[in-house]
Structure formats: C-alpha cells, structure tokens
Amino acid sequence: MSLSRTVRHAKAILTGFKYLFAGPRLTLMYPDDIQELPEGYRGMIEYDWDSCIKCSLCAMVCPADAMKMYVSKEESEREGKVVKRPGINYTRCIFCGFCVDICPTDSLRFTKVHDVAYYTYEEQIYPPAEFSKGVPRPLYLREPRKVRAVLDERRGIRYEPARS
Amino acid sequence: MEVYYYLILSAVLLSIGIYGIVSKRNVIRMLLSAEVIFNAALLSLLSLASLDSGYGPVGGALAVIAISLSAAEVGVIVSLAILMFRMRGTLDTYELRRFRG
Amino acid sequence: MVCSLEGKLLVGNLERSARKAAAWLVEKRPVRDIRDWGISFSLWPVHFTTACCGAEFAASAAPKYDAERLGFLPFIGIRQCNLLFIEGTLSKKMAEAAIWVYEQMPEPKFVVGMGACAIDGGIFWNSYNIVRPMDILPVHVFIPGCPPRPEAVAQAIIMLQRKIRRGELVRYETR
Amino acid sequence: MDILKLLFEPYIFIPLVFPGLVAAFLLLLIIIWLERKIAAKVQLRYGPLYVFKPLGGVIQTIADLLRYLFQEPIVPREADKLAFLMTPVFLFGLAYLPVVAVPISPTYYAFRSDVSLLIVMALTTLAPIFTVLMGWSSNNKFSLIGGVREGYLVISYEIPMFLSAISMAILYKSLDLVEIAEAQKGLWGVILNPLAAINMLLLMYMSTSKFPFEIPEAESEIVAGPYTEYSGIIYGLVMGASYVKLYVLSLVYSILFLGGWNPLPINDPMVAGAMLFVKAFLLVALGAFLRAVYPRFRIDQAISIGWKIAFPLSLISVVISLLLIMGGVSLVVK
Amino acid sequence: MISSGERELELLIGPQHPASGHMRLVAKVDGDVVVELRPNIGYVHRSVEKLAEVKKYLQIIPLVERPSLADTTANNLAYVMALEKLLGIEPPERAKYLRTLLAEINRIHSHLYGLGIHGVMIGSSTAYMWCFGDREPFLELAQELTGARLTYSYIIPGGVRRDLPAGLGERAERVLRYMENRMRDYFNLYFNNPVVRARLEGVGVLSRHDAINLGITGPNLRASGVAYDVRRAEPYAAYPELEFDIVTEEAGDSFARVMVRVREIVESMRIIRQVIRKIPEGPILHESYEKLIPPKLRESMKQRGMVKFPSVFANLRVPPGEAISRVEGGRGEVVFHIVSDGKLSPYRMRMVTPSFRNVILFEHLTRGVRVADIPAIYGSLDYFPPEADR
Amino acid sequence: MPPWLDAAVTFSLGITLGLGIGIIGILLGRVISPSKTFPKKRERYECANPPRGRARGLLMMQYYPYLILFLTVEPIMIYSFLFLLEAHSSPAFTLYLFLGILGIIMPPLIFGLYSARRLELWSAP
Amino acid sequence: MRLDDLRKEIEEKLNGLGAEVSSKDPNLIEVRVGRDKLVEAASKLREMGLDHVKAVTGIDYPKERFEVVYITSSYSDSLSHFLVNLRVSLPYDDPRIPSLVRVWPSVLYQEQEEKDLLGIEFEGNPRMEERLLLPDSYDGIPPLRKEFKVRVEGIDA
Amino acid sequence: MSLPDPDVLIFLASAVLALVSSALVILHRSIVYSAFFLSIVGIANAILFSLLGFPIIALFHLIVYVGAAVTFILFSLVMMREVPTVEPGLKVVTFSAFILTVLVLSRIFLSVGAQPSFYLEYKGLTSILIEKYWFALIVASLALATTLIEAITLARREV
Ligand code: SF4
Ligand code: SF4
Ligand code: SF4
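Taken in sequence, the protein lines are chains A, B, C, D, E, F, G and H. When we follow this note's numbering, the leftmost residue of the first sequence carries the number -16, and every step to the right adds one. When we follow this note's numbering, the leftmost residue of the second sequence carries the number 236, and every step to the right adds one. When we follow this note's numbering, the leftmost residue of the third sequence carries the number 36, and every step to the right adds one. When we follow this note's numbering, the leftmost residue of the fourth sequence carries the number 14, and every step to the right adds one. When we follow this note's numbering, the leftmost residue of the fifth sequence carries the number 267, and every step to the right adds one. When we follow this note's numbering, the leftmost residue of the sixth sequence carries the number 79, and every step to the right adds one. When we follow this note's numbering, the leftmost residue of the seventh sequence carries the number 2, and every step to the right adds one. When we follow this note's numbering, the leftmost residue of the eighth sequence carries the number -11, and every step to the right adds one.
FYI, nobody ran anything at the bench for these hints, they're computed from the structure. Treat each hint with caution, since some may be false.
DSBU-like cross-link-like pairs, simulated, lysine-lysine; straight-line CA separation at most 30 Å [what the hints assert, rightly or not]:
(1) K294(E) / K114(F)
(2) K568(E) / K95(A)
(3) K568(E) / K351(E)
(4) K66(D) / K186(D)
(5) K557(E) / K351(E)
(6) K147(G) / K609(E)
(7) K67(A) / K150(G)
(8) K321(D) / K66(D)
(9) K150(G) / K38(G)
(10) K111(H) / K198(D)
(11) K94(D) / K1(A)
(12) K568(E) / K544(E)
(13) K114(F) / K63(C)
(14) K55(C) / K119(F)
(15) K116(A) / K63(C)
(16) K129(A) / K37(A)
(17) K37(A) / K294(E)
(18) K351(E) / K150(G)
(19) K292(D) / K63(C)
(20) K116(A) / K544(E)
(21) K(-6)(A) / K186(D)
(22) K119(F) / K294(E)
(23) K147(G) / K25(G)
(24) K129(A) / K198(C)
(25) K562(E) / K147(G)
(26) K127(C) / K562(E)
(27) K544(E) / K351(E)
(28) K94(D) / K114(F)
(29) K557(E) / K544(E)
(30) K66(D) / K198(C)
(31) K95(A) / K562(E)
(32) K37(A) / K64(A)
(33) K25(G) / K609(E)
(34) K119(F) / K63(C)
(35) K127(C) / K114(F)
(36) K37(A) / K95(A)
(37) K609(E) / K64(G)
(38) K95(A) / K55(C)
(39) K64(A) / K1(A)
(40) K1(A) / K66(D)
All of these numbers come straight from a predicted model, not from anything done at the bench.
Take these sequences, add in the hints, and give me the full structure.
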C-alpha cells in the first residue's frame, strides 16, 4: 500500500467525518413544509369559466390530447348552438403549459399545486364544470408551512418561511 | 464413559466409509467416503491416545499433523477430479475406465 | 426423503389449523393496528424503472426530498420489497416484466402508478407499444404529472400509508 | 425470586441478556437505524424520521421488522426447501453462538476455557459452509454467485485474521479471553501492536462484508447475493445474522486490542459490561459509517487485498510480536 | 469434453435489476469473466418517431423531450433548430443566449445525474446522493427560468417561452460558487478515493480508433481523446460568441469518461457565467410571431416575461423540405432529420440520440471483463435507456 | 470430567436460543403472513424474466487457485501458531522456526499467487 | 475547407459511380447513388475521411419507393463541420439494400432499427434476424410504414 | 432416577449426529449435500474429541478440517456443476460386507475398555510440538507446499 494511497484513504474518511458532523442538509421537510414555487411554475391548471371564449385553441394545441372540448349542454340549449368548453384529463396531461400559453384570454392559468395523487382513475378527469371549480387540494396531515428555497453559497439550498 | 463406546462408534463410521468407497462410482463421492473413514480413524486414534496421559500429547501431535495432511490430500484429489472432469467431462469411474486409452 | 416429510409437516393439517388460529388473532384489533402501522412505515419499493419517470423517482429518494424519512427505502430484490412503483410508461415488453415482478413479490404488496404514462399513457397514449398498468395490475395510488414532482411521490406515499393504516389494503387471506 | 436470581447467573445471563440475545437484538435495532442515519447525514439528508419524529425515527427498524414478520416467506419451487429454510437459522445461530465465550468482567463469565479465543475463531470459520449452501439451495444464479463470492472472501480474510489474533495471543501468552483482557490493565494491545490492530479491523469488516467489501451482496451486480430469494422474516434473519456477527467480532476485537473492560477501576460486571458494549458499539458504528465513504471493491481486488496486503501484514505483525517478546516486553498475567 | 456453450452461464441482468435500468443485458459469463454481453433494448420503446407523424409540429416538442428526461433541452433545441431551418427563421439574440443558458444548466445536471447513477453502480450511495442533491440547485435555477423541473419545453420555434427572471444571474452565481466548493469534497471523498480508482481505472478501455470507428459520441468520445464537440463543429445558439474549451482525456477507460463529465461541469459553469454577463437585451420571440399576438396580450406578456403563443402555433404549417440539425447534449450529439411535406405534421422524423449511438459500446467494451465491471462500465457510459429506445 | 463441561449449559442455551429464534421466526412468519398464489410467484427469480437455463451452472473458477492456497496455507499457519504460543519459553527458536516455515511456504505461495493472476488458466472445467 | 471544395472532391472521388452530388448551404452535401453502387460509394466516402454515420433514416413513400439516407460525417477537425447525406432509393416491393456495416461499423444498430421498424432488409448486417425495439413476439406490419395507423382522437371528448 | 451425566448425553447426541450424517454422505442424492453432511460429521467428531479431552485438537479439526478441507470440497462441487452419475443400488453383497466389518471391528475394539480421565491442555500439546515434533512440522509444511504446487498445476487449464 503506497503512501499516497493511504493519504487518499485518510482524506476520504476525513471528508466523510466532516460531513457527518458538520455537513449541510438539503432536505425539504415535505409534508410539514411545502415549497413555494417560483412565479410561472407550471402546476395544475385552473380554468376561468367566464372569460373563456370557447375558441378550442387549447384543445388543438394540447400534445397529449388531455384537453378536450366538452359539449356544454345547458349552454347549448340556451344559445341554440353547440357550445363546447374545455375539460382536462389529468391522466394524460403532461403539464407542458401549451394550453395556458395559447389561450387568448388568459382563461387558463397555472397554479402552483404540484403534489396531488389520486386513489382512483375516474377522479382525475375534470369536465368543464369541475374544471372551473379550481384545482384539488392535496391531503396534508396538518396545515403545512410554506417555505421558499434560497440558493446559498455554502449550504446549497436553505429553506426560509415564505413571506406571503 | 468407557472409551470403547468411542471405538465402536469409530468402527461403525469406518464401515460406513468403506461401504461408500466400495459401492460408489463417482470419484468425488468416493473421496467423501474416504473422508468419513479419515474421521473414523482420527476418532479411534484419539480415543486410544486418551487412555494414557503419557501418550495423550503425542496422539494430539499426530492428530494435528494428520489433519493438516488430510487437507493436502483433499486438495490433490479434488484437483485431480477437476482435471478428469475437464478432460473427460465425467466423474464416473466406470466411464473413465471406458475412456482410457 | 427428509424434504418431503418436512413438506408435509409444514403444509399439512397442522399448518392449516395454525393459520386459522393466526388469522383470527391477526385480524383482531391491536395486532392488526400494529401490523398496519409497521407495514405503512416500511414501504420498500422495488427497484424497477420502467421509463423516464425513474429520474424523478430517483430524485425523490435523493437528499432534497429524501423519501427515506417516511420509511421508504428503494431496495433491490423483488422478494424483499412490498411496493411496486410503475415509474412511467409500460411498454409491451416491459409489461411482461412488470407482471413477473408483481407476481414474484411477497404478500402484502402495493402498486403505485407514477406519471401520466402509468395512468393512461400520457403523451404516448396512442403509441402502439404501450400498456396501461391498471389493465394488468391492481394500482392503489395514481400520481399524475409528467414527470410528477418528487413531492407528489411523497404525497402518494402518505396517501398509501393512510390507506394501509385504515386497514383497507392488508387483508389476511388463507390459502 | 429464584427465577430472577437464576437469570443473573452468568451462564444464563450471558447468552440470554448481555452480551447475548437481548443486547444483540437491541444493538441490531439501533445499529440498523443508526447506519441509515449516519449514511443519511453524510449524504446531506435526514434518513428515517417520520416513524417517530421526536427521537429521529429510532423505531424505524421495529417497523421494518414488523413488516418482515407479516410478510409472506416465499420458498421458490426449484429450491431445496429444507435447506433453504434451515440455513438462515443455522447461520444466525452460528453468528450468535460465539457470544457465550465472551466474558464481561474478570469474574463474570459464562464459561472460561484456556482456548476461548480459538473457540470464537473456530465458530466463525464454519459460516461459509452455510452461506455456500444457502446459495446452492436457493437454486438461483445470483444466489449461487453471491455464495461463492462470500466463500472467496472468507478464504482471503481467514488466515490473516487468525494470524493477527494470534500475534496478540502470543504477546499475552494466553488464548483465554479473560486473561487477555486482564493482561491489558496498563497497556492496550492496540498500542503494542498497531499493525495487527489495523489489520484485524480491516479483516473484521471484510468478514462481515461491510463496505468496501460488501461484495457478496453487491446489488448492482448480483441483486442481493445469497439472499436474493429470501423474503419475509427469513430475510430479516439473514440480515440480522451479519450484524450479529459483526457485533460478536467487535466484542472480541475490543477484548483483544482495546483492553476489554479496562480502564475501569471497578470490576462490577454491569459497569465492565457497559464499557465493553460501548467499545463494541463504536466499532460497529464505524463499520456502518464506512458505508457512506466507500464504494465496493471487485471480488478479485478483495481477494488480492487479503493475500497480498493483509496476509503479509499479519505475518509482519506476528514477527513484531515475537521481536517484542525477545525484547522482553511481557504482558502476561501472573 | 465440455463444450464451450455448456461452460458458460447465462446471466440475465435486467429489466428488474439495479444495474440495468430499463433494459436487459444478456451476459454469457465463464466464471467471473464475461464472454459476451448483448444489450437487449426496447423495453422503453414508445414509438416517438411514429407518434411524431400524427402529432402537429408544436406538439412534438414535449414528445421529443420525454425520451431523455434528464437531458431534455438538447432534444428540444435540436428539434426546434431543425424546425427553424425548415421555417427559415432565426431566433433573436437574447433568445439564443437563453437557450444556451438552459442548455448549459441542463448539461450540468444531466452530468450530475450520470455521475450519481454511476456512483450507485459501483456501490457508493454517497456519490449518488451527493450528485442528486447538488443537482437540485441547478434544477431550481432551471425551474425558475422555465417553470418546470425537468421537462422544460422551453424552446419554441422562433424563440423561447420565458424571459430571464430578475435576479437569476446573481442566484446562479451563488449556485456556481457552491458547486465549486463542493467539487473539492467530491474529489476527496469520491474521485480520489482509492477504491473508486481501483474500480474504474483501466476498466473498459475504448481506444481512439475504435471510438471513431464505432461512431461514439459525447463525453464517451472525448474520453478517448477525440476533440469533437458540435458546439465547435457546427456552432449554434450563442456558442460562437462564448469562450470554452473542449474537454478531452486520453485514457479512454471508465475513469476518463467520468473525469470528462466532471471537467465539463466546470466548463459549463464557465459558460453560464459568460452568458449571464453577456446576455443582450431584446425580444425573446421572433418578430413575425410576435406580430400575430393580440396587442393587449403582448403587453401583459412583456410585463410578465412569459410568451403567449400566437394562434398559428396550434396549427403550425411548415414548408416542404428536409432539415438536419445536430446539437451537443449532455450525453452527446442529438441528430434530428425532419422530412416535411407541407402538412401539419412531419412526414418523417428521424431522431438519433446519443445513447442509441452508444449502445454498440456494450458489446465492445465488455468482452473479457469481470462481472463486477459490467456496472462500472455501464455507469460510465451514462447510458439512458429511454433515450436509446425512444 | 473435563472442567469446561460446566459450560455445557451455556452452550446449549446459546445453541437453543440461536436456532430457536430462527425456527420460531420462520414458523411464525409462515403462519401469520397473508398469502395469495400467483402462477409465477414461486418461479426462480431471474430479474423479471422467465427462468432460462439451469441455475447451477459452472461458476467462478478464476479464483480457484486462491482456494488451493487457502487449503494448504491454513493448516501450516494454524499449527504454526500452536508452537508460536510457546514463544515465551524460547523466543529465538520460535522465531527461527516460524521464519523457516515461512521460507518453505513462500516460494509455492508466490508461485500460486502468480498463476492466480493469469486469468486465462482458470476458466471453468 | 469550403463546402464547394468538398463537393468537388466528392464528385471527383465518386466519378463513374453514377452519383448525383448536390449541396445545400451551409454545410450539407447530398449524394444520391443507386443501390448496386452503394457499398462502393460508401467506401470511397470513407476513404475521404468521413468516418462515421450519424443517422440512418428510412423513409417510406407508400406504393412508390423507400429511401434510405445515411447521414455521415467525420470526427476530424477539417471535416467535422460538414454533413454528407448518402441517399438511396429502393423499389417499394423489394426493400433490400446492401448493409454498410463493413464500411461503417457504427450503422450496426441503426440498420437493425430500420429493419425492425420499417422492414427494410439490410443484406449483410449480422443482426437482421433479431428484433431490436419491438417485443420479440411482435408480428404485424412494421410500424413506421405509412399503412400502419395509430389511433388518433379529435379535440372533442 | 437421576439424570445421566451431561457428557453421556452429549456423546449420544453427537454419535447419532455423526452416524446419521455419515450415512447421508453416502446416500444423499445430491453430492453437494453429501459434502455438507461431511462437514457435519466433522463437527460431530470435533465434539467427540473434546469429550475425549482434546479440546485443542477439536478446535484444530474444526478450523482446518471442517473450515478448510470440507469447505474446499464443498466449494469445488458448487462450482463444478452437478454431473449425474448412475449409482448402483444397495447391493446385498456390499451391505453384508458392511455389517461384517462393523461386527469384526467392534469385536476388536471391545477388548479395550477404560475410563478416560484425560485432558490435554494446549500447553502440553504446544510444548511437545516444539520440543519433539518441530521437525515433523517442517516436513508437513514441505508436504503442504508441494501439494500447493501440485494442485495448482493439476487444476489449471494448460494453454
Ligand atoms: S380556455 Fe382559452 S383557449 Fe381554451 S377554449 Fe377557452 S378561451 Fe379558448
Ligand atoms: S398542460 Fe399541456 S398536456 Fe396539459 S392540458 Fe395543457 S396542453 Fe394539454
Ligand atoms: S409520465 Fe412523462 S416522465 Fe413519466 S414516463 Fe411518462 S413520459 Fe416519462
């Protein structure tokens, strides 16, 4: 065993010790803290029923065929022609945000909700009526604290309580 | 405990080993039988040596050397078996005899 | 010959009656709760990356999200794990493997479908080479997203834990 | 009351409570958790936590154990059933058995023999037979390769390990663990023959396949090695066996090199035992820590470390001991 | 005699195996020595090329990203570059810089991804955790820039989707300094660790000649001493204006491949610094598209720094023709060959990913190595099966 | 009666406990765990592939020379420390004897290590 | 080296093989040869220093022809800027083409993929019998052919 | 009725163990298990040795014989793959020969009979080894060393 190799072993072990006793931690305490995501994060999508002009662009651009135009029965009857409104299908949506970006009236908007899971298949399909009710709320054991990730020179990522 | 219990046990082991050597055709299995015989022999050696406290250490020393030499024997035989296996693809002594020449 | 004897002993009448007694015992309240508690905090997903969602799955085990806090330890062998994460698309070739993995895992076992692909195919829904996991496996939790964020993975674990602790998933079934 | 007194008789207490089954079990529970925690800390994260948040998730191992207990043990169809089920049991028993020979104070021991060191070592040499058999009976390629690898590891550490142990034994002129520990009243073995100490430490981790020698279970090559087919509580058993083995070896190591229960002035068995336990625990924890530093060697590299580094080193340490004796250094208890 | 076929044991590594990811390696081993190893890919074949023929041009952007999730920007950029060639438009300067910025951030975290996976393959969970942990700050940056962690879909024909958020440059600088500090510990604990060296040095040597012959690409090529980098050979985005070196190593073994990645991380950090210093002001979307956006939206879009798509994007029509584009991604060169017949979808889209070009290395490098070297070599190739299978 | 037989109790307790834990664990585990049968469950594990070929193939012969080394060196080492224990009575003689035995064993050992390095000699039989 | 120079050089090299050479700015050269002259042309290009193939694209024009495009380039500094497309047309009912594995080993898997997904036979490629990406049991028309239709949905639910 | 001596119990247990496992060595279908049972024979024998008063020899037997020699056989078998050989059945002749041997040997051994009252301390063994038998040790080492060369040359594949 040459000397330099022994030195390298020692260095590796010492570095290990350094991190054992003085290392930073990058962990986000997820269910207790949730990260406040930056402006414009492409999370789940919310839909504004009133401003939508039913132009179908969102459904046309959707790459995963997740956004679909549903015939809105009452409105069709009321207006006497076929009226279609978008509904989203989270079983396919890939959160590319194309629909939001192409919507000419900003009827579709990103939210920052990003941590939802479902027990069943059916609940993930949102026809327009449900779609306009807003995004689902994830289950939390208790009300989480909102934190902001601060990039740091020494510790990588720190988490600070979000101001808002 | 009388020593002859040990001796009888060793006798039975010895016979089992001999039976194995006689009746088996696989080289390795014969080796294993021989090892049973070796165990039996060692047992009888030590039980005889334990009869007399003067001979005890001598018997012990003999046993030590015997055991270590048995390791050597095992090494050679197994290597031979591997050689045979490699050359002939079998460990059957009958088969080996048939292949000879 | 010894094996067969032992075999009879272990699967014979004795075992059946023992299992019956055990079934009665295990399904009683405190034992069942302890069991469900233990299982819910010891969900070991088997290492089975089916597609690109594996990248985010790996990130959820990594320092920032550290799913090990929840008792979630990605592990190697099929036989030692109790959770199957379908990490994204199941291609037809992979679906065969997934069935093998699922069937070879010991009971009790759970399945999580991660990513849009593991629910309805996501962007690849009309590909000729994919299979929907729910058609071939009983999936307990779905995580939408492409790829889902590691937070969503953690959320799915929490939801699965909750479901287990409610006693809905682990059932005692005699042979 | 009688039963309680009987419990504190050394020949019951040692195998059953300390350093035997109960202590081993406790250590198992803590060390597996600690191993994950240590690794997690070095790896910039927390490790098990939510299972019991106030104490950092100490009971994580209990949850895992419960899960294993309630998990179905599968016996593969092609496996040899009896051997498949029994080898883990024997492995565990064999790993645990040497504990009975470990004294915890000069007066408190289960049994004392003039060759107790050799007994411990002899019992540890039997393990590879079962590991190989485990691989064989599983009837699985990975198990088989893992078993053979384990065996190869054994053949490369065993001789140097014996030599290192014996180089201390000849210094103390005894193979009796009690005497060995007593001989180190003043000077610990690790100071007298540091080479042997380092060597033995290395070999100890090698023998329990800790990193960087975690070759038989190398998951990126052969899945879980010999344990590939094991599920449920049987897997818990075999995993436990390797930790128990490390624990027993650590106890022996602390007696051989770290002065055993020294340097405590009082010989109360409980205090002495605690001292011993702390030393062993630190050794086990060090082994757990190395996981965070090292990747694993290749099997041929490990073998050649055994033969080309550890073996010469152990020969040298024997010669050092002989020279020390020639120089008149003597630690023998009269 | 034992025939040679009988002497070998067939090990099936994968698809459920820690060292295989999403593929199967069929290894014939003679004891501990690999006689032959065949990769069996296709486990993640999702028919991107076929789906591209039924999806519209813009919809293909997320589609081509998915195969290589850790390195999405390269595919995104290469595809959009081919599209732009067909459309005959050139993005504005600022967009080019932003593309470069994202590409380099992506290169760093893709390399860290590869190093982490490699770490776990030779058994160092710490390397895995460190790499994946230090990837997060970069993901955080990318997320701030694009709004997603991995699947950015950031680059669109004629520009990019988001403008540079305020203060990102300073935050990036902090991350870069953090990474530079950490590099030292990486070397102490991992790259200079004797065990790592023993496992990697001299293992899986790829000679310069073979590397060229087999058409290897990316860091694997440069580790064999070939100084080929698309950023130099056919500069795109803002690369002509930036200073950087092509990293090469001579040894061609696993360790060299790892080292190339590490040094490329450093080089990328240099590029990021330059980009942040030099980035010009201006629009981020080509004016011909900007014109099409209704004026009201255009205002709010300018304010928020987020591009709104003109409605033509929903049905983008591309003139007939063919275009080939290549981009240096984290794992190597991505080549897109698009044949358009003037319809809404490409007539044929050929997508050649670096991993697919590197598959051939498995057979080539593993002949005669030991079983334990398979993961060490596999990891050092930074091979990502979905990328190869598409 | 040999004096250490006093410890028979300890030993048997040790053996009983060591084995008992395992046996009880296995029996308990078999009894209280839920189980369901699937056709593939009890097949051999082969990385999620259908079992192919025989599992008990020819294995690593590459390191076989080390096995032979071990087999022959171990007895020597073990009995050499039997006499090493006598070192206190005549240290010099023991040292010479030890070195002498080392001298005998070294050349074949080096030969063994050397031929172990040549992998091509050691493929499966 | 400029594009035109390279083009000239290629034209000279391939003289007599019936190759049509054209160029397209900024760096693309198209060489179209007949199926029978393909290997020869390829070896000539290889001699010039075009040492690897970046992509093999098969294009299906139903009922008309197949086209196979080898996009080649070089790792040498002088040539690495250029791409040279080697293009062959095949009759639709006889999609066979000599393999270029001998010339460029780097096409091994790419040709296999085209065979797998498009059904073009590369004669001389050792992997023609095996499936690459599709499951072994796949049995149908090669999916990249135009007649293979995938499901599509409209924008309506 | 008092309990029998512990050493009688131990003797009986290990004798049964030795007999059963040695029978299994011969009879077990799989040769790997045969080798395994040989190791059990060795362990049982070691227990008997220590009962006889040779604990040090018992340990030596465990370490060298079981731990090295039998492990070596086991290993070689595991690595060599099972080759089925046709084994002849239990023939009457061989079986009667077996019985005969047992009887003859027992008759011979029954003539010996004494109470062992012996305990070999390792110090006795070591001193006799170093005083009288050191040369034997050297010879044994030589033998082992030659074995080493021989075995390696035999087992390796000549190229
Ligand atoms: S949501 Fe927007 S894009 Fe979709 S139909 Fe309504 S207005 Fe049009
Ligand atoms: S985010 Fe993308 S995939 Fe989801 S609905 Fe909108 S366009 Fe479709
Ligand atoms: S959901 Fe998205 S990230 Fe996940 S496998 Fe599917 S395409 Fe990949």
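How the hints compare with the structure:
For a cut-off of 30 Å, the pair hint linking K294(E) to K114(F) is broken: about 35 Å separates their Cα positions. Between K568(E) and K95(A) the CA atoms are separated by roughly 21 Å; this keeps the pair inside 30 Å, and the hint holds. Distance restraint check for K568(E) and K351(E): the Cα-Cα separation of roughly 26 Å lies within the 30 Å cut-off, and the hinted pair is therefore satisfied. A hinted pair counts as satisfied when its Cα atoms are at most 30 Å apart, and K66(D) with K186(D) does not qualify at roughly 51 Å.
At roughly 20 Å between alpha-carbon atoms, K557(E) and K351(E) fall within 30 Å of each other, so this suggested pair holds. Note on K147(G) and K609(E): the hinted pairing holds, with a Cα-Cα distance of about 15 Å set against a maximum of 30 Å. For the hint pairing K67(A) with K150(G), the CA-to-CA distance comes to about 28 Å; that is within 30 Å, so the pair holds. For the suggested pair K321(D) and K66(D), the alpha carbons sit about 47 Å apart, so the restraint of at most 30 Å is broken.
Distance check on the hinted pair: K150(G) and K38(G) sit about 34 Å apart at the alpha-carbon level, beyond 30 Å; violated. The hinted pair formed by K111(H) and K198(D) meets the criterion: a straight-line CA distance of about 24 Å does not exceed 30 Å. Restraint check: the Cα-Cα separation between K94(D) and K1(A) comes to about 48 Å, which exceeds 30 Å; the hinted pair is violated. The straight-line distance between the Cα atoms of K568(E) and K544(E) is roughly 21 Å, inside the 30 Å bound, and the hint therefore holds.
Between K114(F) and K63(C) the alpha-carbon distance is near 20 Å, which keeps this suggested pair within the 30 Å criterion. A C-alpha spacing of about 23 Å is found between K55(C) and K119(F), which places the hinted pair at or below 30 Å, so the restraint holds. About 43 Å separates the Cα atoms of K116(A) and K63(C), which puts this hinted pair outside 30 Å; it is violated. Straight-line distance between C-alpha atoms of K129(A) and K37(A) comes to about 36 Å, which puts the hinted pair past the 30 Å bound.
At most 30 Å may separate the alpha-carbon atoms for a hinted pair to count; K37(A) and K294(E) exceed this at roughly 61 Å. With a C-alpha separation of about 28 Å, the suggested pair K351(E) and K150(G) falls inside the 30 Å cut-off, and the hint holds. Simply put, K292(D) and K63(C) have alpha-carbon atoms about 43 Å apart, too far for the 30 Å limit, and the pair is violated. For the suggested pair K116(A) and K544(E), the alpha carbons sit about 45 Å apart, so the restraint of at most 30 Å is broken.
Among the hinted pairs, K(-6)(A) with K186(D) is inconsistent with the structure: their alpha-carbon atoms are about 37 Å apart, more than 30 Å. Of the pairs offered as hints, the one joining K119(F) and K294(E) holds, with about 26 Å between alpha carbons and a cut-off of 30 Å not exceeded. Using a Cα cut-off of 30 Å, the hinted pair K147(G) and K25(G) holds, with the two alpha carbons roughly 28 Å apart. Proposed proximity of K129(A) and K198(C) is supported: the alpha carbons are some 26 Å apart, at most 30 Å.
Only pairs whose Cα atoms come within 30 Å are accepted, and K562(E) paired with K147(G) is rejected, the gap being roughly 43 Å. Between K127(C) and K562(E) the alpha-carbon distance is near 48 Å, which puts this suggested pair outside the 30 Å criterion. Note on K544(E) and K351(E): the hinted pairing holds, with a Cα-Cα distance of about 26 Å set against a maximum of 30 Å. A distance of roughly 19 Å separates the Cα atoms of K94(D) and K114(F); the hinted pair therefore holds under the 30 Å criterion.
Taking the CA atoms of K557(E) and K544(E), the gap is about 27 Å. The hint holds against a cut of 30 Å. Taken as a hint, the K66(D) and K198(C) pair is honoured in the structure, with Cα atoms around 20 Å apart against an allowance of 30 Å. A C-alpha spacing of about 25 Å is found between K95(A) and K562(E), which places the hinted pair at or below 30 Å, so the restraint holds. Proposed proximity of K37(A) and K64(A) is supported: the alpha carbons are some 13 Å apart, at most 30 Å.
Distance hint between K25(G) and K609(E) is fulfilled; the C-alpha atoms sit about 23 Å from each other, no more than 30 Å. For the hint pairing K119(F) with K63(C), the CA-to-CA distance comes to about 28 Å; that is within 30 Å, so the pair holds. The straight-line distance between the Cα atoms of K127(C) and K114(F) is roughly 25 Å, inside the 30 Å bound, and the hint therefore holds. A hinted pair counts as satisfied when its Cα atoms are at most 30 Å apart, and K37(A) with K95(A) qualifies at roughly 24 Å.
Between K609(E) and K64(G), the direct Cα distance comes to roughly 19 Å. Compliance with the 30 Å bound is thereby established for this hinted pair. Restraint check for K95(A) and K55(C): not satisfied, since their Cα atoms lie roughly 51 Å apart, outside the 30 Å limit. About 72 Å separates the Cα atoms of K64(A) and K1(A), which puts this hinted pair outside 30 Å; it is violated. Distance restraint check for K1(A) and K66(D): the Cα-Cα separation of roughly 25 Å lies within the 30 Å cut-off, and the hinted pair is therefore satisfied.
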